[in-house]
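K.L.:
So you can see what is in the structure, the chains are spelled out below.
Protein chains: 2
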Amino acid sequence: MAARRVADHRPQADRLPRTKGERTRERIVREAAQLFNTYGFSGTSVADVSAATQLEKGGVYNHFESKDALALACFDYAAGLVLDRIQKAVEPHASAWNRIQGLFEVYRQLADRSFVKGGCPILNTAVEADDTHPALAGRVRRALDAWRGLLKDIIDKGVADGELQTRVSSDEIATAMIAGLEGGVMLSKLYRDASFMRTMVQQLTIYLHSVVQAQGR
Amino acid sequence: MAARRVADHRPQADRLPRTKGERTRERIVREAAQLFNTYGFSGTSVADVSAATQLEKGGVYNHFESKDALALACFDYAAGLVLDRIQKAVEPHASAWNRIQGLFEVYRQLADRSFVKGGCPILNTAVEADDTHPALAGRVRRALDAWRGLLKDIIDKGVADGELQTRVSSDEIATAMIAGLEGGVMLSKLYRDASFMRTMVQQLTIYLHSVVQAQGR
Numbered sequence: 006m007a008a009r010r011v012a013d014h015r016p017q018a019d020r021l022p023r024t025k026g027e028r029t030r031e032r033i034v035r036e037a038a039q040l041f042n043t044y045g046f047s048g049t050s051v052a053d054v055s056a057a058t059q060l061e062k063g064g065v066y067n068h069f070e071s072k073d074a075l076a077l078a079c080f081d082y083a084a085g086l087v088l089d090r091i092q093k094a095v096e097p098h099a100s101a102w103n104r105i106q107g108l109f110e111v112y113r114q115l116a117d118r119s120f121v122k123g124g125c126p127i128l129n130t131a132v133e134a135d136d137t138h139p140a141l142a143g144r145v146r147r148a149l150d151a152w153r154g155l156l157k158d159i160i161d162k163g164v165a166d167g168e169l170q171t172r173v174s175s176d177e178i179a180t181a182m183i184a185g186l187e188g189g190v191m192l193s194k195l196y197r198d199a200s201f202m203r204t205m206v207q208q209l210t211i212y213l214h215s216v217v218q219a220q221g222r
Numbered sequence: 006m007a008a009r010r011v012a013d014h015r016p017q018a019d020r021l022p023r024t025k026g027e028r029t030r031e032r033i034v035r036e037a038a039q040l041f042n043t044y045g046f047s048g049t050s051v052a053d054v055s056a057a058t059q060l061e062k063g064g065v066y067n068h069f070e071s072k073d074a075l076a077l078a079c080f081d082y083a084a085g086l087v088l089d090r091i092q093k094a095v096e097p098h099a100s101a102w103n104r105i106q107g108l109f110e111v112y113r114q115l116a117d118r119s120f121v122k123g124g125c126p127i128l129n130t131a132v133e134a135d136d137t138h139p140a141l142a143g144r145v146r147r148a149l150d151a152w153r154g155l156l157k158d159i160i161d162k163g164v165a166d167g168e169l170q171t172r173v174s175s176d177e178i179a180t181a182m183i184a185g186l187e188g189g190v191m192l193s194k195l196y197r198d199a200s201f202m203r204t205m206v207q208q209l210t211i212y213l214h215s216v217v218q219a220q221g222r
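Those protein sequences? They're chains L and B, same order as listed.
Just so we're aligned, residue 6 is where the first sequence starts under my numbering, counting upward by one.
Just so we're aligned, residue 6 is where the second sequence starts under my numbering, counting upward by one.
Treat the hints with care, as some may be off.
Note: identical chains are not told apart, hence a pair may lie in one copy or across any two.
Stated by the list, open to error - Derived pair list, reagent style SDA-like, types lysine to any residue, alpha-carbon separation capped at 25 Å:
1) Lys157 / Tyr196
2) Lys157 / Asp198
3) Lys157 / Arg197
4) Lys72 / Tyr196
5) Lys25 / His68
6) Lys122 / Gly48
7) Lys93 / Gln39
8) Lys72 / Arg146
9) Lys72 / Thr43
10) Lys122 / Arg35
11) Lys62 / Arg35
12) Lys162 / Asp176
13) Lys62 / Ser47
14) Lys72 / Glu36
The hints are simulated quantities; they were obtained by calculation from the structure and are not laboratory data.
Because the structure is a prediction, the values reported are computed rather than measured.
Construct the complete structure from the given sequences, taking the supplied hints into account.
P.N.:
Pasting the structure below:
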């Protein structure tokens, strides 16, 4: 279930767009996603998107009926890049513990150079949209639900397989990991210093050792 | 040093403004801080501040030469409310462990009802300003430096007094606590669900137990 929801967010990089219109639409989303993620929804106008894509404003509106519709598509695209990267980092590993290490590695990389200009789209959009844009906030909740589901599934499967024993629920562990990692992104971005992210991964590992016992570790 | 820096951020609620001009200036900051903290710097115009304060735009500009100058004053005011609340919650306790519990209590309350409309000004402003507004980002770093200093001082004093023994540096513990708490604020705000914050405080307490040993606990 969680895996399916994550898959919904994936950019379809593995197939070529069929028509010129589709290619233009994807280019608008790619360029605009960087603007929204860097300057925010309020800080980005359709004129900015027009300038970045070198399309007339009407050309942008041909593909998206409103700035709102464009922003939702851009968030789904940008969150999809992050969730896709997380899933790819997790999949090769058979053990739950190594899957979590794969996830941490994504965040260590994210602090050095983000996949999307402007940092983590989930954090950025959550903080801007919570009081101001219900539709966008809903998309962020959907992305976070998918991510929390993926983490819970990893831990639950580790427990079911007899690999892990947990002192607290998989839901609590997933919440602590997501909050800690996103807080680490906030600090690394603000200070432009990846060491905050590395510190967070180390401290989250210490936390995990105290709530999760792994067989044969 | 940290205490002095925190004090710099405190709103001067303990003395009455002397002149009508001072009172007006403080009212502008109070009203505008709520707007900036809810709608962001990009999402708030001087016209919005004028409407909220029922002053002409010229009346706002009498006190602040620009939207930038107003935003900086508003951030200092809002961050000061948070840091002041943290310091008041920490001060009554003699032991380092109880001081940290006092801090957690502030965050549990912050999730139920924030002191400033719009949530945590440090998180909100960090995420918006990091790529877009160097002066504002600098103020957020100053506020976070003060907060991290306050946490480090609590832990370092606990160690010096023989109350605490730590497995990792006070700097790493302070970073983990700040990132975890701010990530918890992000989740609680986005889902409008204070249970995320309570979960984070519980999980941070588990983490603390594994990096800090307190005598007589």
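K.L.:
Please name the hints from earlier in the document that this structure breaks, with their numbers sorted from lowest to highest.
P.N.:
none
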